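Guided by the hints, dock chain B onto chain A, whose structure is given.
Those protein sequences? They're chains A and B, same order as listed.
One rule links them: number in the numbering used here = place in the first sequence (from 1) + 5.
One rule links them: number in the numbering used here = place in the second sequence (from 1) + 6.
Derived from the structure by calculation, the hints contain no laboratory data.
Don't take each hint at face value.
[Stated by the list, open to error] What the simulated footprint calls covered on chain A by chain B, stretch by stretch (three residues with Cβ under 8 Å from a Cβ of chain B suffice, anywhere in the stretch; the number is not a length): (1) 47-56; (2) 101-111.
[Stated by the list, open to error] On the chain B side, residues computed to face chain A include the following (Cβ under 10 Å): (3) 12; (4) 15; (5) 49; (6) 51; (7) 54; (8) 61; (9) 63; (10) 75; (11) 108; (12) 116.
What you are looking at is a predicted structure, and each value in this text was computed from that prediction instead of being measured.
For every residue, glycine included, the Cβ atom is placed at its ideal position computed from N, Cα and C.
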Amino acid sequence: TQLLEQSPQFLSIQEGENLTVYCNSSSVFSSLQWYRQEPGEGPVLLVTVVTGGEVKKLKRLTFQFGDARKDSSLHITAAQPGDTGLYLCAGKQGGKLIFGQGTELSVKP
Amino acid sequence: KAGVTQTPRYLIKTRGQQVTLSCSPISGHRSVSWYQQTPGQGLQFLFEYFSETQRNKGNFPGRFSGRQFSNSRSEMNVSTLELGDSALYLCASSLWDRVYYEQYFGPGTRLTVT
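Next comes chain A alone, as it looks inside the complex:
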């Protein structure tokens, strides 16, 4: 059983479309992080959300932490081919960082 469930697992969209990726858990996290990974590379940290209800924006990316600190979402506005990659959410549990299975995003020009 995955502690962090991400949905959808795969997403293929056209350039210019909007999308939302979800990260859900039955556990409370003190913080959640989002990473993006390109093929052949390690994940790159995008953002950390800490406070329940917090919203953070990074250009066209909007991250939200649920009020109960059990879930998070990543919304991309007007997706571009450069947004293609594996998006991972992660939270700390039991002293270690737990990752969701990831959402594979493909943005076609």
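Below, chain B without anything else, positioned relative to chain A:
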């Protein structure tokens, strides 16, 4: 500031052999974590070292081991390799922070066991 470096980037080994992977963290980072990434299981935590001490360990067999040196550089070792050990092994360094715990990853070592 230089990022996390891992060597080698690619490795091909035979079943039964052992392998050692190396990781140099970002300067000033004293925590180093190792992860295994496979298509089926995703990213799984192997272990974390801080100031040369193993602080946390994931659910992997004893064939997987690691260590950290006084300069924070870390190595992980896998003995008696199995086909299922084929994976991308990622190292990440971080500043010790209870809340943020942000990880900065290296490019990984792609291990293929034949």
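Against the structure, the hints come out as follows:
{"no.": "1", "hint": "47-56", "in the structure": "holds (count 6)"}
{"no.": "2", "hint": "101-111", "in the structure": "holds (count 7)"}
{"no.": "3", "hint": "12", "in the structure": "8 Å, holds"}
{"no.": "4", "hint": "15", "in the structure": "9 Å, holds"}
{"no.": "5", "hint": "49", "in the structure": "4 Å, holds"}
{"no.": "6", "hint": "51", "in the structure": "5 Å, holds"}
{"no.": "7", "hint": "54", "in the structure": "7 Å, holds"}
{"no.": "8", "hint": "61", "in the structure": "7 Å, holds"}
{"no.": "9", "hint": "63", "in the structure": "8 Å, holds"}
{"no.": "10", "hint": "75", "in the structure": "21 Å, violated"}
{"no.": "11", "hint": "108", "in the structure": "5 Å, holds"}
{"no.": "12", "hint": "116", "in the structure": "8 Å, holds"}
Hint violations for this structure: number 10 only, all remaining hints satisfied.
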